[in-house]
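J.: The lines below spell out each chain.
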Amino acid sequence: NAGVMQNPRHLVRRRGQEARLRCSPVKGHSHVYWYRQLPEEGLKFMVYLQKENIIDESGMPKERFSAEFPKEGPSILRIQQVVRGDSAAYFCASSPSTVGTNEKLFFGSGTQLSVL
Amino acid sequence: GENVEQHPSTLSVQEGDSAVIKCTYSDSASNYFPWYKQELGKRPQLIIDIRSNVGEKKDQRIAVTLNKTAKHFSLHITETQPEDSAVYFCAATSSGGYQKVTFGTGTKLQVIP
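Residue numbers (the working numbering), protein chains in the order written: chain A, 1 to 116; chain B, 1001 to 1113.
Next up, chain B with everything else stripped away, as it sits in the complex (with noise of 0.2 Å):
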């Protein structure tokens, strides 16, 4: 099955300053790469996604890149705020007769105002 590694586990930036979070993923023929923001005690809400079709994929302060060859994707927060603190989940599927959404373990991220 798919299996989907992130780093950093915790992450600390001032305001203002980028954050950069990885994650490498195993199955190849995985083609969907959704990333999700937990907020303490909330559920995970999609902030971005990226198919394999595309190398990259930006929304305003948030953008993802893919490198299909080297099986890993980053996501990557400009311009950072106190309420992009939160914890952050990349997620690929898997083949095999359907899709299965499989999680990395999370990177928190605290930006320190």
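Chain A extracted, bound-state conformation (with noise of 0.2 Å):
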């Protein structure tokens, strides 16, 4: 049972590009949660996608931020014209269905994106 697959591990940019992170859910949940963490911080919610739908984006910044999660493949989180401050672990998180009955959820291991 392969786990929540991130990528890349680690992402370097300089300001101003554009950053994509990848996301792969477990195989068959539906739901897909970014957190972003800054060092000796806690997890910041994002945005939460179900398959092709955006459900909450309130965590997510208006402008330069942009999140999805098609029917066929992995989620997106697209920061463009990226700043210093966007320096950050980027966690995604899946479950197979609304968290709360009986489902949990499956952490990512992250991608750590530096802006030069």
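What the hints contain is simulated information worked out from the structure, not anything from laboratory work.
Every residue, glycine too, gets a C-beta built ideally from N, C-alpha and C.
Heads up, some of the hints might be wrong.
Claimed, not checked - Not the full set, but computed from the structure, chain B residues with beta-carbon under 8 Å of chain A:
#  : residue
1  : Pro-1034
2  : Arg-1043
3  : Pro-1044
4  : Leu-1046
5  : Asp-1049
6  : Phe-1089
7  : Lys-1100
8  : Val-1101
9  : Thr-1102
10 : Phe-1103
11 : Gly-1104
12 : Gly-1106
Stated by the list, open to error - In silico DSS-like links for lysine-lysine, alpha-carbon gap of 27 Å or less:
#  : chain 1 : residue 1 : chain 2 : residue 2
13 : A       : Lys-104   : B       : Lys-1042
14 : B       : Lys-1022  : B       : Lys-1057
15 : A       : Lys-104   : B       : Lys-1037
16 : A       : Lys-27    : A       : Lys-104
17 : A       : Lys-44    : B       : Lys-1022
18 : A       : Lys-104   : A       : Lys-51
19 : B       : Lys-1042  : B       : Lys-1022
20 : B       : Lys-1058  : A       : Lys-104
21 : B       : Lys-1058  : B       : Lys-1108
22 : B       : Lys-1071  : A       : Lys-104
23 : A       : Lys-44    : A       : Lys-71
24 : B       : Lys-1108  : A       : Lys-104
25 : A       : Lys-44    : B       : Lys-1071
26 : A       : Lys-44    : B       : Lys-1068
27 : B       : Lys-1108  : A       : Lys-44
Hints given; two lone chains; assemble the complex.
T.: Written as structure tokens, this is what we have:
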């Protein structure tokens, strides 16, 4: 049972470039969550998606950030025109149905984004 | 939305002693409370969870208690070992259409051999 797969593991970008972070959920899971973690800090919710739908993007900055979870393929978190403040670890998690019933979040290993 | 507060932010204990981490939440409709352990550079991993219809749950050296009236829940680790050293996050779900998991700010636990 392959877990949540995130790639790349490390991503280096210069200011102004675009960053694309990929997340393949556990097979059969249709719910994906993205969290951001700064060093020595907690997990900040960004966005929650189901297949082809954004359910809650209240934690995601309105500008430069976007997310998708297409019918086929991984979920993508896209950051345009990156700035140094975007440097962080970005974690993806998946669940087979809404958490709070019998399901739990399974986390990927994260993508460490460094903006030079 | 849900707000989860976690204390302490850092905790040092001697090997063999107990460690207690406390969290409070704001949304009285929250009904699922997981705890995650994150080792340095690794992914958060679920170690134990509790639902609102239960007051206490135990799994070997780890236990979690829930007080719904006071809206707080705690993680208890007994007979701590060096490999328990990690950051621990509590979390709670929020209501309103779907249940979003909101995390506390984390507790860095250091077990001193």
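J.: If a hint holds in the structure, say so; if it doesn't, say that too.
T.: For each hint, the structure was consulted:
At its closest, the beta carbon of B/Pro-1034 sits 6 Å from a beta carbon of chain A; the interface hint therefore holds under the 8 Å criterion. Against a cut-off of 8 Å between C-beta atoms, the interface hint on B/Arg-1043 holds, since the closest Cβ of chain A lies about 4 Å away. Using the Cβ-Cβ criterion of 8 Å, the hint placing B/Pro-1044 at the interface with chain A is satisfied: the shortest such distance is roughly 5 Å. Here the hint on B/Leu-1046 is kept, as its CB sits about 5 Å from the closest CB of chain A, short of 8 Å.
The restraint placing B/Asp-1049 at the interface with chain A holds, with a minimum CB-CB distance near 7 Å, inside the 8 Å limit. Among the interface hints, the one on B/Phe-1089 holds; its C-beta lies about 6 Å from the nearest C-beta in chain A, closer than the 8 Å criterion. Using the Cβ-Cβ criterion of 8 Å, the hint placing B/Lys-1100 at the interface with chain A is satisfied: the shortest such distance is roughly 6 Å. The interface hint given for B/Val-1101 holds, since its Cβ lies 6 Å from the closest Cβ of chain A, which is under the 8 Å cut-off.
The restraint placing B/Thr-1102 at the interface with chain A holds, with a minimum CB-CB distance near 7 Å, inside the 8 Å limit. Annotation: B/Phe-1103 was flagged as interfacial toward chain A, and the flag holds, the nearest CB pair being 4 Å apart, inside 8 Å. Proximity of B/Gly-1104 to chain A holds as hinted, the smallest CB-CB distance being about 6 Å (cut-off 8 Å). Checking B/Gly-1106 against chain A: minimum C-beta separation of about 5 Å stays under 8 Å; hint holds.
Proximity of A/Lys-104 to B/Lys-1042 is assessed by CA-CA distance (about 18 Å); at most 27 Å being required, the pair is judged to hold. About 15 Å separates the Cα atoms of B/Lys-1022 and B/Lys-1057, which keeps this hinted pair within 27 Å; it holds. In summary, the hint linking A/Lys-104 to B/Lys-1037 is supported, as the alpha carbons are separated by about 14 Å, within the 27 Å threshold. Between the alpha carbons of A/Lys-27 and A/Lys-104 the distance comes to roughly 14 Å, so the proposed pair stays at or under 27 Å and holds.
With a C-alpha separation of about 19 Å, the suggested pair A/Lys-44 and B/Lys-1022 falls inside the 27 Å cut-off, and the hint holds. As the CA atoms of A/Lys-104 and A/Lys-51 are separated by approximately 18 Å, the hinted pair is consistent with the 27 Å bound. Between B/Lys-1042 and B/Lys-1022 the alpha-carbon distance is near 23 Å, which keeps this suggested pair within the 27 Å criterion. Simply put, B/Lys-1058 and A/Lys-104 have alpha-carbon atoms about 18 Å apart, close enough for the 27 Å limit, and the pair holds.
The hinted pair formed by B/Lys-1058 and B/Lys-1108 meets the criterion: a straight-line CA distance of about 21 Å does not exceed 27 Å. Restraint check for B/Lys-1071 and A/Lys-104: the C-alpha separation of about 21 Å stays at or below 27 Å, so the hint holds. Proposed proximity of A/Lys-44 and A/Lys-71 is supported: the alpha carbons are some 26 Å apart, at most 27 Å. The straight-line distance between the Cα atoms of B/Lys-1108 and A/Lys-104 is roughly 23 Å, inside the 27 Å bound, and the hint therefore holds.
Taking the CA atoms of A/Lys-44 and B/Lys-1071, the gap is about 21 Å. The hint holds against a cut of 27 Å. Distance check on the hinted pair: A/Lys-44 and B/Lys-1068 sit about 24 Å apart at the alpha-carbon level, within 27 Å; holds. Distance restraint check for B/Lys-1108 and A/Lys-44: the Cα-Cα separation of roughly 17 Å lies within the 27 Å cut-off, and the hinted pair is therefore satisfied.
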